[in-house]
Amino acid sequence: MFKGYLCLVLHGHLPFVRHPEFEDFLEEDWLYEAITETYVPLISVFEGLVNDGIDFRLTMTLSPTLISMLGDPLLQERYLKHINKSIELAAKEMERTGWQAAFRDLAQMYFNRFSHARDTFLKYNRNLTLAFKKFQDLGKLEIITCGATHGFFPLMDTCRASVRAQVKVAVNHYESIFGRKPNGIWLPECGYHPGHDEILKEAGIRFFFTDSHGVLHGSPRPKYGIFAPVYCKGTGVACFGRDLESSKQVWSSIEGYPGDFNYREFYRDIGFDLEYDYIKPYIHPDGVRINTGIKYYRITGQGNNKEPYVEQWARDKAASHAGNFMFNRQKQASYLNGLMGKPPVIVSPYDAELFGHWWYEGPMWLDFLFRKIACDQDEIRLITPSEYLQENPRNQVITPSLSSWGYKGYSEMWLQGSNDWIYRHLHMASQRMSELVKIFPAAEGLRKRGLNQALRELLLAQSSDWGFILGTGTHTSYAVKRTKEHLLRFTRLYEELRSNSIDEGWLADIEHKDNIFSEIDYRVHQ
Amino acid sequence: MNVLNKMKEKIKKLVPARFTLKRKKKPLAAKTPVAGFGKEMPSFQETVVTDAKFSHPEPSRPARFMQEELPYQYDQDRIVLQVRDPRWVHTYWELRSQTIDRLKSRLGDDFKRARRVLRVYDVTNIIFNGSNANSFFDIQINDFASSWYIDTGHPGCSFCVDLGLMLPDGRFITIVRSNVVQTPLDGPSWITDEEWMIPEDMFARLYGMGFGLGRSSPVGGAWQERIKQGIFSSGLSSSPVRKELKERGFWMKVDCELIVYGATEPTAKVAVQGKPVNLRPDGTFTLRFWLPDGKQHIPVKATSGDKLEERTITPIVNRETR
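Protein sequences, first through last, are from chains Z and G. All letters in the first sequence, in the order written, are residues 1 to 526 by my numbering. All letters in the second sequence, in the order written, are residues 1 to 322 by my numbering.
Calculated from the structure, these hints are not laboratory results. Since the structure is predicted, the reported quantities are computational estimates derived from the model, not experimental observations. Where hints are given, some of them may not hold.
Far from chain Z, by Cβ distances over 10 Å, these chain G residues were calculated [unchecked claim]:
1) Leu81
2) Arg106
3) Val181
4) Lys275
5) Pro292
6) Pro299
7) Asp306
Have a look at the derived ranges for each label pair, beta carbon to beta carbon [stated by the list, open to error]:
8) Trp506/Z <-> Pro168/G: 49 to 59 Å
9) Asp255/G <-> Glu504/Z: 52 to 62 Å
10) Ser176/Z <-> Thr267/G: 56 to 66 Å
11) Gly274/G <-> Val50/Z: 21 to 31 Å
12) Trp506/Z <-> Asp75/G: 21 to 31 Å
Glycine included, C-beta positions come from ideal geometry on N, C-alpha and C.
All chains should be built: construct the whole structure from the sequences, respecting the hints.
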């Protein structure tokens, strides 16, 4: 008997990293790895489910920066080069490991996997966004948007024009790709600040998510806790709170699934393990060892001894973990149903890149979960937020609390000794952008190009990813570079616009480098 | 050291670990329960995992890679306030040199003896006009500071900050005033909607469930405690005095690979252990094998292009590891 809804959300995002000025750029690998390890495997799961007639619902963010990169011809070309090299390396590995059957089979597994990634990539005309769109059009996937460049909104509250620009640029971009406006948004880092729902409403967005305490600590108290959405007071935009119990099952270091000893070990990559001259053509041209994506070991245990990965064992585990997850949701839904007197909605959001990249078996787990939910039970039902709101339009009205899903639940991950220096500059740039919009309410020609580029630079500087990397304190130089670079480009544009002396050659150069959002309209920043 | 620093230490230990062979000495966070806290909070795991998205060493970059510096100031008088969490707010400011000069000439000697102060006003539920604050407190800062973290101690309240001068006679002069911010609550609201009234015990159970603490836990108390410990801690109190045995970092790894290479007529066909091998245009070939312990017979057979002649050479290799 039906007891409650399960709303699974995958948040897919990578910052905009594209460097035409360099032949080979290390950080572009973030995208290539995610394509091979996360996006293609997820698409394959969806394809399999549709082919087998298994009904499913999944909500997924595709951040505007991610969509832009997936659709960029230069990055597409480079991905093809990247995956071809991976296939070449896997083929060499099949030969090298010929005397060790366990490893030979794994080399074969990677060879197949990489070849499949290339085939899928080509099948969708090199643009995987089209694949996700296909499943949205089939009614299985609800794709939601995100901040244009994933700016962390709570720390942009003193310049709401920038929050508005983040939202409007994202919504317009979404519409140009998917042919309709998005119903929902994933606030970057789940960062909600009271009042920002007004901006969402202006942009036609009907729902967003917060972490548990965003709803639980809202005012007045939410009657159903996080197990029913609430409407924001004054705007009526719906807010879904995250369920921590289901999150914990996947994340926790004790009962979390990805740490299972049969699963693949993330940290043992042949890019680091193999003899230098042999692996050199497949690591960074500088000779720095990097991940190749070929990882032969399973987690094995707590110690350093690692045993070869056994595909079948991992598969069995993924199936049993999916069963466990479903069982717990059934129990949870049934218990909550009794308590609430109506069906709860359990909202379980995860970083999409967790699946496949970090947790190799994640997409497989999801596949098993969808199949079991469809075939093995009738207590929980998968649902998207849009469907939920259609079926359950009457909800409580509250003001959710300031919150994020970052460390300690608020803004500290992005506001601490190592990264707080950026806000002085970011806020000033926002203020200046608003000033430019006021001075030039209807610019044309070169000036308009300059204003549009100024907004691109500002948005790119605002990505929360830079603050996050600075906050973790490891390998920060790229994050520093990006923050400064965009701010400096913005500042120069600001000065040139103010003094009516735009250097067209230089403008063309940065338009070529930072070519995101070709349709941007600077006037959204107000 | 606060919790965040502890976490950063852990991430530093764990994350860069993957960039070198030393990483084998450190099992990753997600799998090893380590004494301490925060580890069970999903957000900690997420931080580690999200960081894995950005997994890379830093290659040496060409000089043109790093560019000029950002300006130190923007020639404005301004002070900006923003919220970090339910208790703490952050503020940064700048003053134009003209503003300082004007104060100097106005105050004369008093300026030299004046101290820079942040005055933090509690402006909860009022429209602040400069003199009607519910309460305020002062923080003495130095002349070189340009930002500050302030412990307001009050979740769910509104604050505004003046940067000003405290004169020797006790007078306070405001130089710049910040925006107003409101800290979030750190627990459930006391305001309950009449139309949606909910029995206390039922809410409490829902609340506990919401934090994943199961039915036995009446409220998210443990979680609350964690947040508070992290936020209240200014000194050692947050780090339980418990020494973990430090793992020694020394390690070694040895493996063997075998390279089999040779040459023949470019038109010939070559098979190694029965498997055909591609020749380079000049007739040379190279194969590389990961060599296990034991004896390997490696027959290399070449057949001439016209298939009339054959040669077989068989290296025998024995690997024994002790």
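Fill in: Cβ separation check - Leu81/G to all of chain Z, threshold 10 Å
At roughly 8 Å from the nearest Cβ of chain Z, Leu81/G sits no farther out than 10 Å, so the non-interface label is violated.
Worksheet item: Is the hinted range of 21 to 31 Å satisfied by the C-beta distance from Trp506/Z to Asp75/G?
Response: 24 Å, holds
Item to complete: Could you tell me whether the CB distance from Asp255/G to Glu504/Z stays inside 52 to 62 Å?
Response: 58 Å, holds
Discussion item. Quick check for students: does the CB of Lys275/G sit more than 10 Å from each CB in chain Z?
Written reply: 8 Å, violated
Worksheet item: Is 56 to 66 Å right for how far apart the beta carbons of Ser176/Z and Thr267/G are?
Response: Given about 58 Å between the Cβ atoms, the range holds.
Practice prompt. With respect to the beta-carbon atoms only, verify the hint that Gly274/G and Val50/Z lie 21 to 31 Å apart.
Written response: 43 Å, violated
Discussion item. Within 49 to 59 Å: is that where the Cβ-Cβ distance between Trp506/Z and Pro168/G falls?
Written reply: Holds, since Trp506/Z and Pro168/G (Cβ atoms, about 53 Å apart) stay within the stated range.
Worksheet item: Would the least Cβ to Cβ distance between Pro292/G and chain Z come out above 10 Å?
Response: 5 Å, violated
Fill in: Check on Asp306/G being off the interface with chain Z, judged by Cβ distance over 10 Å
Its Cβ never comes within 10 Å of chain Z, the nearest being 28 Å, so this holds.
Fill in: 10 Å cut-off, C-beta based - Val181/G kept clear of every residue in chain Z
Violated, because the least Cβ-Cβ distance between Val181/G and chain Z comes to about 8 Å, which does not exceed 10 Å.
Worksheet item: Is Arg106/G truly not at the interface, in the sense that its beta carbon sits beyond 10 Å from all beta carbons of chain Z?
Response: 27 Å, holds
Worksheet item: Is it the case that Pro299/G keeps its Cβ farther than 10 Å from each residue Cβ in chain Z?
Response: For Pro299/G, whose nearest Cβ neighbour in chain Z is about 14 Å away, the distance exceeds 10 Å, so it holds.
Violated hints for the displayed structure, listed by number in ascending order: 1, 3, 4, 5, 11.
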